[in-house]
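Produce the entire structure from the sequences given, and follow the hints as far as they go.
Residue 815 is where the sequence shown starts when you use our numbering, and the numbers rise one by one after that.
Read the hints as simulated data drawn from the structure, not as lab findings.
On a predicted model such as this, the values are computed, not experimentally measured, just so you know.
The C-beta atom is built at its ideal place from N, Cα and C for all residues, glycine as well.
Check before you lean on any hint, since a few could be wrong.
Stated by the list, open to error - So the derived label-pair ranges between C-beta atoms look like this:
hint: 1; residue 1: G889; residue 2: G918; range: 34 to 40 Å
hint: 2; residue 1: P956; residue 2: P871; range: 26 to 32 Å
hint: 3; residue 1: P860; residue 2: A887; range: 25 to 31 Å
hint: 4; residue 1: T852; residue 2: G969; range: 30 to 36 Å
hint: 5; residue 1: P970; residue 2: P925; range: 15 to 21 Å
hint: 6; residue 1: T967; residue 2: L921; range: 18 to 24 Å
hint: 7; residue 1: A847; residue 2: L885; range: 17 to 23 Å
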Amino acid sequence: MPAHATPRHPLARLQHVGAKVTRLARSVSVSQARPDDTWAARHLTPGETRVYLGMDPRDREHAVRVAQAILNAEGRASPDLLAAALLHDCGKQVRPYRVWERVGAGLIPGPLCRLLPLGPLWVRGEHPDLGARLLRAAGARPRVVDLVRRHHTPGPDPDAVLLHRYDNIE
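Quick look at the structure:
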(Lines of atoms letter the chains of each structure in order from A and count residues from 1; the text may use other names and numbers.)
(Lines give C-alpha, C1' and ligand atoms only; values in the text may rest on other atoms or scores of the structure.)
Protein backbone atom coordinates (compact mmCIF):
# COMPACT_ATOMS: atom_id res chain seq x y z
CA MET A 1 0.00 0.00 0.00
CA PRO A 2 1.44 3.43 -0.91
CA ALA A 3 2.59 5.61 1.99
CA HIS A 4 -0.11 8.21 1.25
CA ALA A 5 -2.94 5.65 1.30
CA THR A 6 -4.99 4.87 4.35
CA PRO A 7 -6.34 1.38 5.05
CA ARG A 8 -9.98 1.03 4.05
CA HIS A 9 -12.63 -0.90 5.87
CA PRO A 10 -14.00 -3.72 3.66
CA LEU A 11 -17.42 -2.05 3.61
CA ALA A 12 -16.06 1.41 2.75
CA ARG A 13 -17.00 0.95 -0.90
CA LEU A 14 -20.65 0.69 0.13
CA GLN A 15 -20.58 4.14 1.72
CA HIS A 16 -21.95 5.93 -1.35
CA VAL A 17 -24.20 3.20 -2.75
CA GLY A 18 -27.32 5.34 -2.31
CA ALA A 19 -25.86 8.12 -4.43
CA LYS A 20 -24.80 5.61 -7.09
CA VAL A 21 -28.29 4.07 -7.22
CA THR A 22 -29.85 7.53 -7.53
CA ARG A 23 -27.46 8.44 -10.35
CA LEU A 24 -28.16 5.14 -12.09
CA ALA A 25 -31.91 5.75 -11.88
CA ARG A 26 -31.47 9.25 -13.37
CA SER A 27 -29.34 7.84 -16.16
CA VAL A 28 -31.97 5.52 -17.60
CA SER A 29 -33.64 8.19 -19.72
CA VAL A 30 -31.76 10.91 -21.56
CA SER A 31 -34.94 13.02 -21.55
CA GLN A 32 -34.57 13.48 -17.77
CA ALA A 33 -31.12 15.06 -18.06
CA ARG A 34 -30.88 18.81 -17.46
CA PRO A 35 -27.20 19.77 -17.67
CA ASP A 36 -26.39 23.44 -17.09
CA ASP A 37 -24.27 23.80 -20.22
CA THR A 38 -24.13 27.60 -19.97
CA TRP A 39 -22.62 27.41 -16.47
CA ALA A 40 -20.20 24.70 -17.60
CA ALA A 41 -18.98 26.63 -20.65
CA ARG A 42 -17.95 29.55 -18.41
CA HIS A 43 -15.35 27.24 -16.84
CA LEU A 44 -13.98 25.68 -20.03
CA THR A 45 -11.77 26.74 -22.92
CA PRO A 46 -13.32 26.57 -26.41
CA GLY A 47 -11.63 23.21 -27.14
CA GLU A 48 -12.72 21.81 -23.78
CA THR A 49 -16.27 23.05 -24.41
CA ARG A 50 -16.39 21.13 -27.69
CA VAL A 51 -15.40 17.93 -25.87
CA TYR A 52 -17.90 18.65 -23.07
CA LEU A 53 -20.76 19.17 -25.54
CA GLY A 54 -19.89 15.83 -27.18
CA MET A 55 -20.75 14.07 -23.93
CA ASP A 56 -24.10 12.40 -23.30
CA PRO A 57 -26.46 14.86 -21.54
CA ARG A 58 -26.68 12.50 -18.55
CA ASP A 59 -22.91 12.57 -18.17
CA ARG A 60 -22.89 16.37 -18.56
CA GLU A 61 -25.52 16.71 -15.85
CA HIS A 62 -23.46 14.47 -13.53
CA ALA A 63 -20.33 16.46 -14.35
CA VAL A 64 -21.99 19.79 -13.50
CA ARG A 65 -23.24 18.33 -10.20
CA VAL A 66 -19.70 17.13 -9.36
CA ALA A 67 -18.17 20.53 -10.17
CA GLN A 68 -20.82 22.42 -8.21
CA ALA A 69 -20.51 20.02 -5.25
CA ILE A 70 -16.78 20.70 -5.12
CA LEU A 71 -17.44 24.45 -5.14
CA ASN A 72 -20.21 24.24 -2.53
CA ALA A 73 -18.33 21.97 -0.14
CA GLU A 74 -14.81 23.31 -0.55
CA GLY A 75 -15.64 27.01 -0.97
CA ARG A 76 -13.33 27.43 -3.93
CA ALA A 77 -11.51 25.36 -6.49
CA SER A 78 -8.85 26.00 -9.08
CA PRO A 79 -10.07 26.64 -12.63
CA ASP A 80 -8.30 23.45 -13.71
CA LEU A 81 -10.08 21.34 -11.07
CA LEU A 82 -13.48 22.75 -12.09
CA ALA A 83 -12.77 22.03 -15.75
CA ALA A 84 -11.61 18.50 -14.90
CA ALA A 85 -14.79 17.93 -12.87
CA LEU A 86 -16.84 18.99 -15.89
CA LEU A 87 -14.86 16.73 -18.22
CA HIS A 88 -13.95 13.73 -16.06
CA ASP A 89 -16.29 11.33 -17.90
CA CYS A 90 -15.68 12.68 -21.42
CA GLY A 91 -13.95 9.46 -22.46
CA LYS A 92 -17.30 7.66 -22.32
CA GLN A 93 -18.37 9.47 -25.49
CA VAL A 94 -16.17 7.23 -27.65
CA ARG A 95 -18.94 4.63 -27.56
CA PRO A 96 -22.55 5.64 -26.81
CA TYR A 97 -24.30 3.38 -24.31
CA ARG A 98 -27.64 1.68 -24.83
CA VAL A 99 -29.84 1.93 -21.71
CA TRP A 100 -29.21 -1.66 -20.62
CA GLU A 101 -25.46 -1.19 -21.17
CA ARG A 102 -25.42 1.98 -19.09
CA VAL A 103 -27.22 0.25 -16.23
CA GLY A 104 -25.17 -2.94 -16.49
CA ALA A 105 -21.80 -1.19 -16.74
CA GLY A 106 -22.75 1.03 -13.81
CA LEU A 107 -23.30 -2.00 -11.59
CA ILE A 108 -19.87 -3.54 -12.22
CA PRO A 109 -16.90 -2.18 -10.25
CA GLY A 110 -14.47 -0.10 -12.34
CA PRO A 111 -11.40 -2.30 -11.69
CA LEU A 112 -13.31 -5.34 -12.95
CA CYS A 113 -14.40 -3.41 -16.05
CA ARG A 114 -10.74 -2.86 -16.97
CA LEU A 115 -10.27 -6.62 -17.03
CA LEU A 116 -13.23 -7.23 -19.35
CA PRO A 117 -12.54 -5.85 -22.85
CA LEU A 118 -16.22 -5.88 -23.82
CA GLY A 119 -17.78 -2.75 -25.38
CA PRO A 120 -19.38 -0.72 -22.57
CA LEU A 121 -17.32 -2.38 -19.84
CA TRP A 122 -14.10 -1.59 -21.65
CA VAL A 123 -15.18 2.05 -22.11
CA ARG A 124 -16.16 2.34 -18.44
CA GLY A 125 -12.83 0.90 -17.35
CA GLU A 126 -10.71 2.92 -19.78
CA HIS A 127 -12.67 6.19 -19.90
CA PRO A 128 -10.09 8.17 -17.86
CA ASP A 129 -7.36 7.45 -20.42
CA LEU A 130 -9.74 7.80 -23.37
CA GLY A 131 -10.88 11.18 -22.04
CA ALA A 132 -7.32 12.37 -21.52
CA ARG A 133 -6.55 11.54 -25.15
CA LEU A 134 -9.65 13.37 -26.40
CA LEU A 135 -8.78 16.42 -24.33
CA ARG A 136 -5.14 16.46 -25.38
CA ALA A 137 -6.23 16.33 -29.04
CA ALA A 138 -8.65 19.23 -28.39
CA GLY A 139 -5.88 21.40 -26.92
CA ALA A 140 -7.11 21.23 -23.31
CA ARG A 141 -5.00 22.57 -20.48
CA PRO A 142 -2.35 20.00 -19.47
CA ARG A 143 -3.42 20.01 -15.82
CA VAL A 144 -7.04 19.32 -16.83
CA VAL A 145 -5.88 16.40 -18.99
CA ASP A 146 -3.86 15.01 -16.08
CA LEU A 147 -6.74 15.32 -13.58
CA VAL A 148 -9.18 13.61 -15.96
CA ARG A 149 -6.70 10.80 -16.56
CA ARG A 150 -6.24 10.28 -12.82
CA HIS A 151 -9.78 10.79 -11.51
CA HIS A 152 -10.14 7.11 -10.54
CA THR A 153 -6.54 6.74 -9.32
CA PRO A 154 -5.80 10.08 -7.64
CA GLY A 155 -2.62 9.24 -5.76
CA PRO A 156 -1.42 12.02 -3.43
CA ASP A 157 -2.59 14.95 -5.63
CA PRO A 158 -5.11 16.95 -3.53
CA ASP A 159 -7.12 18.12 -6.56
CA ALA A 160 -7.33 14.58 -7.97
CA VAL A 161 -8.41 13.34 -4.53
CA LEU A 162 -11.21 15.93 -4.41
CA LEU A 163 -12.37 15.03 -7.91
CA HIS A 164 -12.37 11.32 -7.06
CA ARG A 165 -14.26 11.93 -3.78
CA TYR A 166 -17.00 14.09 -5.30
CA ASP A 167 -17.38 11.84 -8.33
CA ASN A 168 -18.03 8.95 -5.93
CA ILE A 169 -20.42 10.94 -3.75
CA GLU A 170 -22.45 12.30 -6.68
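- Task: Compare the structure with the hints numbered earlier in the document and write down the numbers of the violated ones, lowest to highest.
- Result: Hints that this structure does not satisfy do not exist here, as all of them hold.
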